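Participant: Each chain is listed here by its residues.
Protein chains: 2
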Amino acid sequence: MEVQASMRIPLERSGSVPLYAQIGSFLRAAIISGKLPVQTRMPSARRLAGDLGISRMTVEAAYAGLEAEGLVRREMGSGTFVMALAPSPTRSSAEVPESWPQWQQDLIASCASWHDLPVLDVSSVVGEGVIPFESGTGDTRRFPLADFRSIMRSVLQREGKEALDYGETRGYAPLRRTISEILSLHGLQAGADDVLITSGSQQGLALVAQLLLRPGDSVVVERPTYAAALALFRAMGVRIVDVPVDRDGMRVDLLETALQRYHPRLIYTIPNFQNPTGACMSTGRRRSMVALAERYDVAILEDDFVGDLRYEGRAQPPLKALDRTGGVIYVSTFSKMLMPGVRVGFVHADGPVLKLLAGLKRLTDLATSSAFQRTLHRYVSIGRYEAHLRRSRRVYATRRDSMARALERYFPSGSEFDLPCGGLFIWVRLPPRYAAPELLSRAQKAGVGFASGEEFFVERSSGDRFLRLNFAAVTPEEIERGIRSLGKVIAESN
Amino acid sequence: MEVQASMRIPLERSGSVPLYAQIGSFLRAAIISGKLPVQTRMPSARRLAGDLGISRMTVEAAYAGLEAEGLVRREMGSGTFVMALAPSPTRSSAEVPESWPQWQQDLIASCASWHDLPVLDVSSVVGEGVIPFESGTGDTRRFPLADFRSIMRSVLQREGKEALDYGETRGYAPLRRTISEILSLHGLQAGADDVLITSGSQQGLALVAQLLLRPGDSVVVERPTYAAALALFRAMGVRIVDVPVDRDGMRVDLLETALQRYHPRLIYTIPNFQNPTGACMSTGRRRSMVALAERYDVAILEDDFVGDLRYEGRAQPPLKALDRTGGVIYVSTFSKMLMPGVRVGFVHADGPVLKLLAGLKRLTDLATSSAFQRTLHRYVSIGRYEAHLRRSRRVYATRRDSMARALERYFPSGSEFDLPCGGLFIWVRLPPRYAAPELLSRAQKAGVGFASGEEFFVERSSGDRFLRLNFAAVTPEEIERGIRSLGKVIAESN
Numbered sequence: 035m036e037v038q039a040s041m042r043i044p045l046e047r048s049g050s051v052p053l054y055a056q057i058g059s060f061l062r063a064a065i066i067s068g069k070l071p072v073q074t075r076m077p078s079a080r081r082l083a084g085d086l087g088i089s090r091m092t093v094e095a096a097y098a099g100l101e102a103e104g105l106v107r108r109e110m111g112s113g114t115f116v117m118a119l120a121p122s123p124t125r126s127s128a129e130v131p132e133s134w135p136q137w138q139q140d141l142i143a144s145c146a147s148w149h150d151l152p153v154l155d156v157s158s159v160v161g162e163g164v165i166p167f168e169s170g171t172g173d174t175r176r177f178p179l180a181d182f183r184s185i186m187r188s189v190l191q192r193e194g195k196e197a198l199d200y201g202e203t204r205g206y207a208p209l210r211r212t213i214s215e216i217l218s219l220h221g222l223q224a225g226a227d228d229v230l231i232t233s234g235s236q237q238g239l240a241l242v243a244q245l246l247l248r249p250g251d252s253v254v255v256e257r258p259t260y261a262a263a264l265a266l267f268r269a270m271g272v273r274i275v276d277v278p279v280d281r282d283g284m285r286v287d288l289l290e291t292a293l294q295r296y297h298p299r300l301i302y303t304i305p306n307f308q309n310p311t312g313a314c315m316s317t318g319r320r321r322s323m324v325a326l327a328e329r330y331d332v333a334i335l336e337d338d339f340v341g342d343l344r345y346e347g348r349a350q351p352p353l354k355a356l357d358r359t360g361g362v363i364y365v366s367t368f369s370k371m372l373m374p375g376v377r378v379g380f381v382h383a384d385g386p387v388l389k390l391l392a393g394l395k396r397l398t399d400l401a402t403s404s405a406f407q408r409t410l411h412r413y414v415s416i417g418r419y420e421a422h423l424r425r426s427r428r429v430y431a432t433r434r435d436s437m438a439r440a441l442e443r444y445f446p447s448g449s450e451f452d453l454p455c456g457g458l459f460i461w462v463r464l465p466p467r468y469a470a471p472e473l474l475s476r477a478q479k480a481g482v483g484f485a486s487g488e489e490f491f492v493e494r495s496s497g498d499r500f501l502r503l504n505f506a507a508v509t510p511e512e513i514e515r516g517i518r519s520l521g522k523v524i525a526e527s528n
Numbered sequence: 035m036e037v038q039a040s041m042r043i044p045l046e047r048s049g050s051v052p053l054y055a056q057i058g059s060f061l062r063a064a065i066i067s068g069k070l071p072v073q074t075r076m077p078s079a080r081r082l083a084g085d086l087g088i089s090r091m092t093v094e095a096a097y098a099g100l101e102a103e104g105l106v107r108r109e110m111g112s113g114t115f116v117m118a119l120a121p122s123p124t125r126s127s128a129e130v131p132e133s134w135p136q137w138q139q140d141l142i143a144s145c146a147s148w149h150d151l152p153v154l155d156v157s158s159v160v161g162e163g164v165i166p167f168e169s170g171t172g173d174t175r176r177f178p179l180a181d182f183r184s185i186m187r188s189v190l191q192r193e194g195k196e197a198l199d200y201g202e203t204r205g206y207a208p209l210r211r212t213i214s215e216i217l218s219l220h221g222l223q224a225g226a227d228d229v230l231i232t233s234g235s236q237q238g239l240a241l242v243a244q245l246l247l248r249p250g251d252s253v254v255v256e257r258p259t260y261a262a263a264l265a266l267f268r269a270m271g272v273r274i275v276d277v278p279v280d281r282d283g284m285r286v287d288l289l290e291t292a293l294q295r296y297h298p299r300l301i302y303t304i305p306n307f308q309n310p311t312g313a314c315m316s317t318g319r320r321r322s323m324v325a326l327a328e329r330y331d332v333a334i335l336e337d338d339f340v341g342d343l344r345y346e347g348r349a350q351p352p353l354k355a356l357d358r359t360g361g362v363i364y365v366s367t368f369s370k371m372l373m374p375g376v377r378v379g380f381v382h383a384d385g386p387v388l389k390l391l392a393g394l395k396r397l398t399d400l401a402t403s404s405a406f407q408r409t410l411h412r413y414v415s416i417g418r419y420e421a422h423l424r425r426s427r428r429v430y431a432t433r434r435d436s437m438a439r440a441l442e443r444y445f446p447s448g449s450e451f452d453l454p455c456g457g458l459f460i461w462v463r464l465p466p467r468y469a470a471p472e473l474l475s476r477a478q479k480a481g482v483g484f485a486s487g488e489e490f491f492v493e494r495s496s497g498d499r500f501l502r503l504n505f506a507a508v509t510p511e512e513i514e515r516g517i518r519s520l521g522k523v524i525a526e527s528n
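Chain order of the listed sequences is A and B.
The first sequence begins at 35 in my numbering and counts up by one.
The second sequence begins at 35 in my numbering and counts up by one.
Derived from the structure by calculation, the hints contain no laboratory data.
Here the structure is a predicted model, which is why all the values come from computation and not from measurement.
Glycine is no exception: its CB is placed at the ideal position from the N, C-alpha and C atoms.
Errors might be hidden in some of the hints.
[Stated by the list, open to error] The calculated label-pair distances, taken between Cβ atoms and stated as ranges, are:
| id | chain 1 | residue 1 | chain 2 | residue 2 | range |
| --- | --- | --- | --- | --- | --- |
| 1 | B | 215 | A | 281 | 50 to 60 Å |
| 2 | B | 215 | A | 85 | 48 to 58 Å |
| 3 | B | 450 | A | 181 | 50 to 60 Å |
| 4 | B | 184 | A | 453 | 43 to 53 Å |
| 5 | B | 425 | A | 208 | 32 to 42 Å |
| 6 | B | 211 | A | 115 | 43 to 53 Å |
| 7 | B | 425 | A | 192 | 22 to 32 Å |
| 8 | A | 181 | B | 415 | 21 to 31 Å |
| 9 | A | 175 | B | 163 | 41 to 51 Å |
| 10 | A | 347 | B | 136 | 28 to 38 Å |
[Stated by the list, open to error] Which residues of chain B face chain A? A partial, calculated answer using Cβ under 7 Å:
| id | residue |
| --- | --- |
| 11 | 47 |
| 12 | 95 |
| 13 | 145 |
| 14 | 179 |
| 15 | 359 |
| 16 | 374 |
All chains should be modelled from the sequences, with the hints used to inform the complete structure.
Facilitator: See the structure below:
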């Protein structure tokens, strides 16, 4: 279907709402209400601009916004098409009577692209007895709770007043110093003042996105990539340009074209044991990415969420260590290796951007809990963290191998995966006749969870045949039992 | 000075950056670099649009963005003028060499309006011995630390694993239930599922702003208002429309004109013991505001940061209690009354917006620390919080009266203030010949802090003669000594 007649969009030219936003609202409502059905080809920007007597770029800006919200898809050379709306339990339920204010109803439409991604339910209430292959963290059962608890008790006892007052926005200075020492082990020359403590690395990502991006901007991500980063970018109304990942990380040879074409403001990358693929970016590509970003004046956001968890091979330098101009913002966390509820992550950057990120943090939550920072600082500085890491590496490497063997044994022939050199995940591609999303509810009934591949793609259907399996959060016995059950569910689905 | 020649702005019409954003970047750089000096009258939108061959609304959108950043000021009927840049230590210091990437240098310019507001330094490191009249919280020295600590210890002991795991994004359910009971005492019919726990009320404000506002949108605030809310709105690039406050709160009689003229997306109000003025909005105005917001389809963000701290008179209903359509979002906190480092605030709203706020919270920091929520829940439910509140009210009322007496005695004649019925602050206006900002460093040298009025105004110079003085965080002895010193500093400044 194609829009033939010239489109009448009422524009208030003397109001304070920019024209592109007025056009965006009108078309959004038309798509949501079904007046513009799925697959409708929208008028070209040139034509709509002519009809409305406005500039073509204004229409382009409106279309870019709708694309970022997942309402239309632009295909080079063939046009702009209305997309199927993601099924949204919120929108169809009785909770949304006609009587909510219009501004609330508009919100539902404008948030359709991100607000109900299943992976983001971080509730710890997993189904009773379900083997958590879908987990995004290490094994919290192995966390030395007693140690941490007794340190925290002594922090509350000795420093209670300070620990329960507002801390410094940048973070507890001794912990920042400790983090700068950890960073130096990775080849990063950071002082305590070059570090900002955040409430988990998720806050680091959110602050960078909020500081650097505005609706209509473009951001480059890996294909596939971390689902909550995708949702974050969608929520900000930016255009997401995805560049494929292979065994050696992002295909940096394809990056330059994207930079030239989309003038992105940010490149988001997970170079070590990538989420979800487990790929580790080669040193050559790391150098090329840093050089390209410098040449095209684009910021790099380096997410090193499990860089410490290498099981074999030589460590690659962080992108930040190759950056000599202040072009890379490095984000990491303790949440994946310790109790996730500790919620302490950090950002390392050079130049004015770090101070601005701290300023934005003040505006978003003032400061991160000082009590946890003080406890973590003591825990790390008496060597407990390093010892915990060493033990975890040994245990997780064994679990990775158990999972690989179980997959060979129980998954249908034609399933493919690479053995990751570190991290938490094995990324499995099923043979063509299978579809992961359809397996999920059956797997859960059989007592097994997994992260369905579509969560990690801009174009969700590209992930149909993929499963992300966490081998670190589960015991070898659970791996054997869980992969066997999963293999059975897959075989029966055919 | 006026721009006479037609302005040449290079526009890339085939790129992905909207035209209004390109124009904004170009003019921003020209203003920051001084190529367009202070007081320059910019070309009218009509003329610039003609010069560039684009629509007038595109230029208006660019100007609105520059205005929101504090770079230009639009005066109805007379034009758009370049404003003086706020002095920015970051920009002038040696920390910003020419060699930072261009994107970092651009950031400094685009964040100039908000990034170094002094009030937002929440560091607990106050100068040794300085009397903290500038404080934004209750008296943390009166907090029953021992009680809280022993409850927290027992939470870690009995529920350590759950307390240190990711909690539910919406917040610990028993605490949400407890909060809904507290809300019912204020006439709010909220269930546990109508509450979202946040990391302090600052996060509640930030989430609402991020969900509802886009650059170029307008927001209505009170004049004066909470400095960190102003900074938050500035950081988002929205236009801030301020409506004056008198003894009975926001001048709601002036609100309708603003709604008609600016079509704002949000009204931000602090109806109880307003920050900084201490004013309490009359019930009549509360009803009118809710009715107007409904008629004009604008969301209300009600910030009830110290509603519990009433010293006399009858409680007024929260705006949320007068709202029957889901138009009001209610935000509050425990941080002002307990240890600020506890960082637990909450949002109550009806309709889809609450679920969307929870979704956005997941993307910004996943969840608030479960350990603190569990501790707070037990502390509140065994009646300790209510007892602490009762004691605090009694103590703070006495301190308010002490401060009023001290002001009468030590401040220059012609100083004006109203006695607030609750809250934390007295808002003093000095006689015409004094200027508060110039007093600040001398007062600090004399061992006294205060919050300078200009922080609370969109147009900073409007606050020149005002001081915000916290009477709750200081003892009667400190009040007597501090106000005497301050009076002396003021007298000597003349």
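Participant: Are the hints correct? Go through all of them and say.
Facilitator: A quick look at each hint next to the structure:
Checked against the hint of 50 to 60 Å, the pair residue 215 of chain B and residue 281 of chain A passes, with Cβ atoms roughly 56 Å apart. Between residue 215 of chain B and residue 85 of chain A the beta carbon distance is about 57 Å. The supplied range of 48 to 58 Å therefore holds. For residue 450 of chain B and residue 181 of chain A, the hinted distance range of 50 to 60 Å is satisfied, since their beta carbons lie about 58 Å from each other. Checked against the hint of 43 to 53 Å, the C-beta distance between residue 184 of chain B and residue 453 of chain A comes to roughly 50 Å, which is consistent with it.
Restraint check, residue 425 of chain B to residue 208 of chain A: a C-beta distance of roughly 35 Å satisfies the suggested window 32 to 42 Å. The beta-carbon spacing between residue 211 of chain B and residue 115 of chain A, approximately 47 Å, falls within the hinted interval of 43 to 53 Å. Between residue 425 of chain B and residue 192 of chain A the beta carbon distance is about 26 Å. The supplied range of 22 to 32 Å therefore holds. A hinted range of 21 to 31 Å holds for the C-beta pair residue 181 of chain A and residue 415 of chain B, which are about 30 Å apart.
Look at residue 175 of chain A against residue 163 of chain B: about 49 Å separates their beta carbons, and that is inside 41 to 51 Å. Range check, residue 347 of chain A to residue 136 of chain B: Cβ separation about 36 Å, and the 28 to 38 Å hint holds. With its C-beta approaching chain A no nearer than about 6 Å, residue 47 of chain B sits inside the 7 Å limit, and its interface hint holds. The interface hint given for residue 95 of chain B is met, as the beta carbon of that residue sits about 4 Å from the closest beta carbon of chain A, less than 7 Å.
Interface hint at residue 145 of chain B: satisfied, since its Cβ lies 5 Å from the closest Cβ of chain A, which is below the 7 Å cut-off. For residue 179 of chain B, the interface hint holds, since its Cβ comes within 7 Å of a Cβ in chain A; the closest pair sits about 5 Å apart. Because the smallest distance between the Cβ of residue 359 of chain B and any Cβ of chain A comes to about 6 Å, under 7 Å, the interface hint for this residue holds. Interface hint at residue 374 of chain B: satisfied, since its Cβ lies 4 Å from the closest Cβ of chain A, which is below the 7 Å cut-off.
In summary, the structure agrees with every hint in the numbered list given earlier.
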